[in-house]
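S.K.: With these hints in hand, go ahead and build the complete structure from the sequences.
Protein chains: 2
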Amino acid sequence: MKLGSLKHDKFKNGELCVVSKDTKRAIKVTNIATSLLNAVENWDDVKPALEKVYSDLNAGTLSGEFVVDQSQFHSPLPRTWQWLDGSAFIHHIKLVRMARNAPLPETLETVPLMYQGGSDDFLSPTQDIPQVDFSHGTDFEGEVGVILKGTKLGTKKESTMESVALLTMINDVSLRGLIPAELKNGFGFLQSKPSSAFGPFAVTPDELGDDWTKDGKVTLPLNVELNGEFFGKANGKEMFFGFDKLIEHAAKTRNLSAGTIIGSGTISNEDTAMGSSCLAEKRMLEKINSGEFKTEFMKVGDRVTMEMFDKDGISLFGKIDQKVVSV
Amino acid sequence: MKLGSLKHDKFKNGELCVVSKDTKRAIKVTNIATSLLNAVENWDDVKPALEKVYSDLNAGTLSGEFVVDQSQFHSPLPRTWQWLDGSAFIHHIKLVRMARNAPLPETLETVPLMYQGGSDDFLSPTQDIPQVDFSHGTDFEGEVGVILKGTKLGTKKESTMESVALLTMINDVSLRGLIPAELKNGFGFLQSKPSSAFGPFAVTPDELGDDWTKDGKVTLPLNVELNGEFFGKANGKEMFFGFDKLIEHAAKTRNLSAGTIIGSGTISNEDTAMGSSCLAEKRMLEKINSGEFKTEFMKVGDRVTMEMFDKDGISLFGKIDQKVVSV
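Protein sequence lines correspond, in order, to chains A and B.
Take 1456 as the starting number for the first sequence in this note's numbering and just add one per residue.
Take 1456 as the starting number for the second sequence in this note's numbering and just add one per residue.
Take these hints with a grain of salt, some might be off.
As the list claims (entries may be wrong) - One side only, chain A facing chain B, incomplete, derived with CB under 10 Å:
hint : residue
1    : His1463
2    : Trp1498
3    : Ala1514
4    : Asp1540
5    : Arg1552
6    : Asn1556
7    : Glu1561
8    : Gly1573
9    : Ser1574
10   : Leu1608
11   : Lys1612
12   : Met1616
13   : Ala1705
What the hints contain is simulated information worked out from the structure, not anything from laboratory work.
All C-beta atoms, glycine included, are put in the ideal place defined by N, C-alpha and C.
M.R.: So, in structure tokens, the structure goes:
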């Protein structure tokens, strides 16, 4: 099933829609749940009714359906109660730490890295990325994530996958120039991680078939373009900790409320032919190969797109399409 | 004006109440705004109506008023879109860094420390603090905080105080045993900062008179007791960065949505007669004075209370009263 949230001036959580598998048509289902957040908070109750609409919409024409214009959709959760971002691709960790001459964590392969992100004001999938200062080093990070039903404190990885309601695609906007100082003071990312954007549609895991693994990895490639040119097609096969483990990590000392989003971290593959899902990696590879960084961080006017296709070539999450603007 | 949120099984944001100045009586005002979060999101529109009720309630008996039982109140925002915690008392920073043999940040007096906390599932003012393992080092941290109206990216400290809707009192529960490993991996606090609790009532700044300064400091003492005995009465006079600067820091690269809470960090005074607002400080002072830590972190059954009184001796925020339980 594919769901989306139409932008709405007054309803900041958006208006819930069911979207056809081919992403071409959609229908408002605010009679079933007012918003996607509301749906996830009552997931087991509302899911059957939403699935019935999805099935009917895919089978034929429904009264009230409309043609999808992705620019009318907000991120599936325009805001939510919690956004936790993992960093589960070890190749990415190695490259970015190398880039800032930082040592690898001793617990690299035993404890997942994860930070608490801001969830109050996400960008829409086609919203401009505000840049205060070029020196902040604006970068994109292509990721996938899970949207959870409520998950109890202490849930172990054997049970965490039952909490996954939906999957999502993420551009975790990062300000590389602000990260070293924030890491140094020990309080984690704050100014260096401004608002993220998400693909217009969130999907239930069954939409991926075998490309969603039992331990919670999305094995499909994420297609990233920068200014209309190929940038990356890294896939999720090298994700070191699956979402089963990431959720367990997050729930170690606290409950996770319904609507919690957990991100995979930047999708990254060792094979350089796969390209990258963020500028920091590409820059580090340049440094390794040629001794110097060549690619700049994002300038005003630069545009990044991200999209992931299922086995049949259908866009799973719709398209993230954002350009950088000055503020 | 004093506001509170009655616990409600179905309405997770609670039911908005106006509370009398003496905290003895209250009245539901869900006809004005369904919840405190909803009120803050429409603050300029709903504030006059709420103030009228507050004035009437203080002047006499209102139809529908009830006797306050603080245990029926949740934290004013049982959950919200964003919780950012500063650490603006330099004496506290010095003591806790000394306790873990960590160097002081080079930017100690120029850049505020602040981390993104979890805001999806706050504890109520009288809710038990869950302890997974005694070795996690359960500690309390007594703080005050501001609840904001929406604040635009880039707002400077000269204007940030206009964003403050309400003040709140906080027990920022901390797991000292988990902090060093999380600091070491560089991603900030996550498992080490489980759910916080807040005083039952949030108040408008005018309730404090001159004890709320122009740069956003609450100068009154915070009375902390552990197991019924004096633990601290540190006041806010030594807060190095006021909330004016903390809000500016938070808004440097992002908008702050209405409902954002920003905390002061543990209230701390150099005069040891003032006691402490967290166990970590008391332990460090013991170590300095006697060479060894004497006070243990919180055990199952230990109880912490926090309360702040205005110039007339009236409880400003009601009482935080929590004990530790095993999970």
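S.K.: Now look at each hint and say whether the structure bears it out.
M.R.: How the hints compare with the structure:
no. : hint    : result
1   : His1463 : violated (14 Å)
2   : Trp1498 : violated (15 Å)
3   : Ala1514 : violated (35 Å)
4   : Asp1540 : holds (9 Å)
5   : Arg1552 : holds (9 Å)
6   : Asn1556 : violated (13 Å)
7   : Glu1561 : holds (8 Å)
8   : Gly1573 : holds (6 Å)
9   : Ser1574 : holds (6 Å)
10  : Leu1608 : holds (6 Å)
11  : Lys1612 : violated (15 Å)
12  : Met1616 : violated (20 Å)
13  : Ala1705 : holds (7 Å)
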